[in-house]
Amino acid sequence: MNTAGEKVKLSVRGLAVSYSAASALRSLDLDIVAGEILSIIGPSNSGKTSFLRSLNRMNELHPHARTSGTILLDGVDIVREISAESLRKRIGMIFAMPVPLPLSIRDNITYGPRMAGVRDTRTLDALVEESLQAAYLWDEVKDRLDMSGQKISGGQQQRLCIARTLALKPDVILYDEPCSGLDPLSTAKVEESMLELRKSHTLVLVTNNTKQAARVGTRTAFFLMGEMVEIGPTEKIFTAPADKRTEDYIVGRFG
Amino acid sequence: MKLPSRRLREFLIEKLIFLSGIASVVFVVLIFIFLLREGVSVLKTTSLGSFLGGHFWYPISTPAKLGILPLILGSLMVTAGAIAIAVPLGIAAAFYIAEVAPKRLRTVLKSCVEVLAAIPSVVLGFLGITVLVPFLKSVFNLPTGLTAFSGSIMLAFMALPTIITISEDAINAVPREYKEGALALGATHWQTLFRVVIHGALPGIIAAAMLGIGRVFGETMAVMMVTGNAAVIPQSLFEPVRTLTATIAAEMGEAAKGSAHYFALFAVGIVLFVISFAINLTADILLNRGKKK
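Quick note, the sequences are listed as chains A and B, same order.
Under my numbering, the first residue of the first sequence is numbered 1, with each subsequent residue one higher.
Under my numbering, the first residue of the second sequence is numbered 256, with each subsequent residue one higher.
It is possible that part of the hints are untrue.
[Claimed, not checked] What follows is a set of in silico ranges between Cβ atoms, one per label pair, in the way DEER data are often shown: (1) B:Pro389 - A:Val118: 52 to 62 Å; (2) A:Ser20 - B:Trp445: 26 to 36 Å; (3) B:Pro389 - A:Ser20: 44 to 54 Å; (4) B:Val284 - A:Pro184: 55 to 65 Å; (5) A:Arg26 - B:Arg431: 21 to 31 Å; (6) A:Pro63 - B:Ser491: 42 to 52 Å; (7) B:Thr399 - A:Leu61: 26 to 36 Å.
Simulated from the structure, these hints should not be mistaken for lab results.
This one's a predicted model, so the numbers in the text were calculated from it and none came from an experiment.
Quick reminder that beta carbons are idealized off the backbone N, C-alpha and C, glycines included.
Please model the entire structure based on the sequences and the hints provided.
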């Protein structure tokens, strides 16, 4: 399933996730290639969010979650060989609900780096500008960096959350339905930034918006009831899916 | 035939509910008026300055000396001591229960805190006299264990449930997304707790502390039983003191109605009322400010 000659960033083998008795994901094998945007589509309860949250070990915060299988990041086991904190600095996450911390725009971005030990003001200032630029937000907020991050519009808040993730210089960015609450204009800016970020990052996008998957994904995976039904180049998934269920979902016959 | 009687019934119910609703307002106003009327009469025998600032409380000597400074200081000292113990302990316990403790232990701890709140203050005072007071006497080698410090410890126990419960609510009210956001940025559990959760819960935690202070300040029984009740200006935590509340409780039964002593006790009540009101008001303002954010 791996495209030959490309570097595997994340290698997932036998990943299974369950909550108490309910199984959310059953034995998943998947390679994520460096520099791709992997879109994951599927109806609710298909396990796509559980999969995403396993990649940066946010699943562990759920009191009843049980995860098994292995995930390798650049060949390193993310559970046994590195701490959750250092993993999450390398694999950032954007949530469906943008929730800036109750701090200024500037401090929202410097929060992560400062916690990681960066103290130098000039470095931090540079990080702020660089991250906001990359998140397509700089022009809108550059004159009010000391304003509360919670006072800007929803679309801007989501881009602020993207910027604060970028400030940690992650390798991989996980998007959990990042545009579900955004207007089309903000959505376009988020997508634009994703295409730009692809040049230096690996992106995984979980989305309920199949059109979004079609717009930005280099590859698309279709999840259904805890299993990956199909994965392939986005174009192929959307024009000539191999599985009948994929086709049904995409044309809107269920889900 | 049926309609008018139903309408009458609705009218009566409505008025009854209205009366119940307004009753608390009426009671507060009446109590305040009564307190004020009786208490202000103290100014016939002593000036406001010598009442609030007087060093001696000899209500039944002739002429009576009605200075309540020792009582105010006694109350403040006992309260300050109790707060110094209960606030850090209570907040730490709230964080432990809300954020650290495993689920089963959390349930056990929460019910323990509730039981602690249910112990009558007399019973706590009784334990104080029989266990705490002799213990402090021997540990610190004091002439008597009936001290401000004993009162502080007793009151700390009584303030803890309030502080823990309200702080814990405030901590739980911090949106899960804040925590997840911080954790997703690579913060450790402790970093998240200290920088993000405390930040979000702070107004509620301050309000919890204020309500704890209010509870402590107005408490009577346990304090009266363990503080020794000497109406002298306290020099240290390890001396007997007497609080405003204990004074009223101890002396009201004996004061002749209409005497200067009687009016002075009402005036003590006003002082108590004003201070309690100020504490509760501050707590309220802080709680509301926290909610608006």
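With respect to the beta-carbon atoms only, verify the hint that B:Val284 and A:Pro184 lie 55 to 65 Å apart. Roughly 58 Å apart at Cβ, these two residues keep to the hinted range, so it holds.
C-beta pair B:Pro389, A:Ser20: status relative to the range 44 to 54 Å that was hinted: Between B:Pro389 and A:Ser20, where Cβ atoms are some 52 Å apart, the hint holds.
A range of 26 to 36 Å was offered for this pair. Does it hold for the Cβ distance of A:Ser20 and B:Trp445? Because 28 Å falls inside the window, the suggested range holds.
I want to verify a distance hint. Is the separation of the beta carbons of A:Pro63 and B:Ser491 within 42 to 52 Å? 49 Å, holds
Given the range 26 to 36 Å, decide if the beta-carbon distance of B:Thr399 to A:Leu61 lies inside it. At roughly 53 Å between Cβ atoms, A:Leu61 and B:Thr399 fall outside 26 to 36 Å, so the hint is violated.
Distance restraint hint 21 to 31 Å, applied to the beta-carbon atoms of A:Arg26 and B:Arg431: 27 Å, holds
Between the beta carbons of B:Pro389 and A:Val118, is the distance compatible with 52 to 62 Å? 57 Å, holds
When held up to the earlier numbered hints, the structure conflicts with hint 7 and nothing else.
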